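Student: Throughout the sequence shown, residue numbering follows full-length UniProt numbering, covering 1 to 130 in sequence.
There's no promise every hint is true.
Unchecked claim - Pair ranges (Cβ atoms, derived): (1) 73 with 99: 16 to 26 Å; (2) 69 with 90: 22 to 32 Å; (3) 8 with 28: 17 to 27 Å.
Hints are computed from structural coordinates only; laboratory data are not their basis.
Predicted model only: the values in this text are computed from it and were never measured.
By construction, the Cβ of each residue, glycine as well, lies at the ideal position given by its N, Cα and C atoms.
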Amino acid sequence: MTGAAEHPFRAAVRPLVDAMGGELVEPGEARADDVVLSWEGREVVAVRLPHLSDSLDRILAELERRHGVPLAELDRRAKQSVVRTLEARGAFSVRHGVETVAAALGVSRFTVYNYLNRDADRENTTRSGE
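Sequences and hints are given; from them, build the entire structure.
Tutor: Shown next, in the form of structure tokens:
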């Protein structure tokens, strides 16, 4: 939108859409798989969601920014924390998710699976001790 002031609802959802890696488009340009958002009965903006594989790359880049170094340079404990975060965000439901994460962390797929299993074992031990 050039020249005109941005609608307040559009401005309000922009940070969320940016964080998801989506794109804001005009409602008239919406495709069938876009989500059109309305405000007070009027279509204001459409959200074009990213492909899942793009989302994983975006999440990895955001985690790298948060840590301030390439993920491959993190110590083992930090890498395990990254894997927990990624699991919570559904990264391993994406096709080739484990391979993508392993490459970003500079570890093998086997290591990523070990991190995941270690957390699952820890969680099961905690539950059985309750």
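Student: Indicate, hint by hint, whether the structure satisfies it.
Tutor: So, going through the hints one by one against the coordinates:
1. 73 with 99: 16 to 26 Å: holds (20 Å)
2. 69 with 90: 22 to 32 Å: Hint holds: Cβ distance 24 Å, inside 22 to 32 Å.
3. 8 with 28: 17 to 27 Å: holds (20 Å)
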